[in-house]
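Participant: Spelled out from the first residue to the last, the chains are:
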Amino acid sequence: MTVLDIDHAGRIFGSGRLRVVALDNVSLRISAGEFVAVMGPSGSGKSTLLRLAGGLDRPTSGRVLQAGRDLAGLDEAGLAEARRRQIGFVFQEANLLASLTAAENVALALELDGVKPKAAMAGARGLLDSLGLGAVEGRFPGQLSGGEQQRVAIARGVAGGRSLLLADEPTGAVDALTGESVMGLLHQRCTTGCAVVLATHNVRHAAWADRVVFLNDGRLVGEAGPAAGPEYLLGTGQER
Amino acid sequence: MAYSVCILGMEVLVSVRHSLLALLSAGPMHGYGLKTEFEAATGDVWPLNVGQVYTTLGRLERDGLVTAEAEADGQKLYEITGAGRDELRRWFETPVPREVIPRQELAIKLVFAVKSGAADVTAVVRQQRVATVRALQEVTRLKAAAESGGDLAWLLMLDALVFQAEAEARWLDMCEARLARENVAAGRARRHPEIPAEQAAERSN
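Heads up: the protein sequence lines correspond to chains A and B, in order.
Under numbering that gives the first Met the number 0, the residue at position 155 of the first sequence is numbered 154, and the numbers go up by one with no gaps.
Under numbering that gives the first Met the number 0, the residue at position 135 of the second sequence is numbered 134, and the numbers go up by one with no gaps.
Hints were generated in silico from the structure; no laboratory data involved.
Cβ atoms here follow ideal geometry from the backbone N, Cα and C, with glycine treated the same way.
Check the hints yourself; a few may be wrong.
[As the list claims (entries may be wrong)] If you anchor each label on the Cβ, the simulated ranges turn out as follows: (1) B/G63 - A/G131: 50 to 58 Å; (2) A/G131 - B/Q126: 34 to 42 Å; (3) B/D85 - A/G125: 18 to 26 Å; (4) A/R84 - B/A166: 36 to 44 Å; (5) B/M173 - A/G133: 49 to 57 Å; (6) A/V19 - B/Q126: 55 to 63 Å; (7) B/T66 - A/Q91: 54 to 62 Å; (8) A/G137 - B/A82: 33 to 41 Å; (9) A/K115 - B/A179: 51 to 59 Å; (10) A/Q91 - B/A145: 23 to 31 Å; (11) A/G15 - B/M173: 48 to 56 Å.
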């Protein structure tokens, strides 16, 4: 099942002399449970791609489909709803709420989905437990290491059975070994059916993914992984 | 003394001589036992041919680093000597020389791709990066499987392969960036022949 279909998407900012092509005719299809890493230098379009994937921004050409539904057909409220229900986000900073415990931070995501507070707390504890974070569920973010905070943020991102987790440099602020444990956790989520798209500069972390796609100047310029095939490079043009 | 093997597309240099001394430092062993212990310690991915083991043991015996005692069945039991332990200690205390550069072929290929103009250098770099990252993915899969096994020596070795591949991938990123800068500078030089090349390159940063 395809959870995300980026279909010949382009994103242009500005116009005239200030026109910047951030993404140029990029196609990328992601199946349930797949872990895809997006690599590329600064300004290559990684974050723009993630923003389009997450419905935080709209393409200026092409389409973005989530579970077969074209996001272009949704108004802002509809987009927000689709994001909340289907997509989890993890950024470089964990952005946990400091006044809530790890479990409460995760539970909050479930409550926003309409789960009753008591059931949300139970669900959050169960999820943290399953991710090997049971020991820290009662701690506040200030009492957690950077790596623990980031793993709690991932738990929050996937809470409620979201089908797609978008992670933008989630390992930027942690050391090498902790980074590995964060990658291990993303990898683990994929085996339970949640697709993950990771944008990163770190090729060691990208290598945890099933597929690694390379962006340069807003174009897909290569792909490594078992499912490598020309279909993911359709229309992107290997060379200018 | 050292031999080079290719695992998952990455070259690794192995000192068989010192590896055998290290195994013998734990107690006397037969030649075949050394072969299997070596392979087990390195996760069975560096096959060691038994002839090579005996050749190396012969040299170690000649140099007084091990002694060999023939048993009733004709098998030899090897034991490390005091000089052997000294040699082993020296090996552990001495950093591995940095002139061992893996993947020289790749550097040479890129140098000549640039010099000859006979290839699209960016395409060569990008193809190589896909291959390098693919090798990195394979090692990472082995690592993910090994994390639960708790074999520290094996994990350290996989880490070594991971970082080696990472270095190559990052170097290729750098090559790609340099090529892009060169191309922009060359384009500017064509359009504005009055601007010196170095300045054009600066402007494209």
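Participant: Now tell me, hint by hint, if it's right for this structure.
Facilitator: Verification of the hints:
1. Between B/G63 and A/G131 the Cβ separation comes to about 52 Å, which falls inside the hinted range of 50 to 58 Å.
2. Judged by the Cβ atoms, the range 34 to 42 Å given for A/G131 and B/Q126 holds: they are separated by roughly 39 Å.
3. Distance hint for B/D85 and A/G125: a CB-CB separation of about 58 Å, inconsistent with the stated range 18 to 26 Å.
4. A hinted range of 36 to 44 Å for the beta carbons of A/R84 and B/A166 is consistent with their spacing of about 42 Å.
5. Checked against the given bound of 49 to 57 Å, the beta carbons of B/M173 and A/G133, roughly 43 Å apart, lie outside it.
6. At about 28 Å, the beta-carbon gap between A/V19 and B/Q126 misses the expected band of 55 to 63 Å.
7. For B/T66 and A/Q91, the Cβ-Cβ distance of about 59 Å falls inside the hinted range of 54 to 62 Å, so the restraint holds.
8. Judged by the Cβ atoms, the range 33 to 41 Å given for A/G137 and B/A82 is violated: they are separated by roughly 59 Å.
9. Distance hint check: the CB atoms of A/K115 and B/A179 are about 54 Å apart, consistent with the given range 51 to 59 Å.
10. For the hinted restraint 23 to 31 Å between A/Q91 and B/A145, the CB-CB distance of approximately 28 Å keeps it satisfied.
11. For A/G15 and B/M173, the hinted distance range of 48 to 56 Å is not satisfied, since their beta carbons lie about 33 Å from each other.
Checked against the numbered hints given earlier, the structure breaks hints 3, 5, 6, 8 and 11 and satisfies all the rest.
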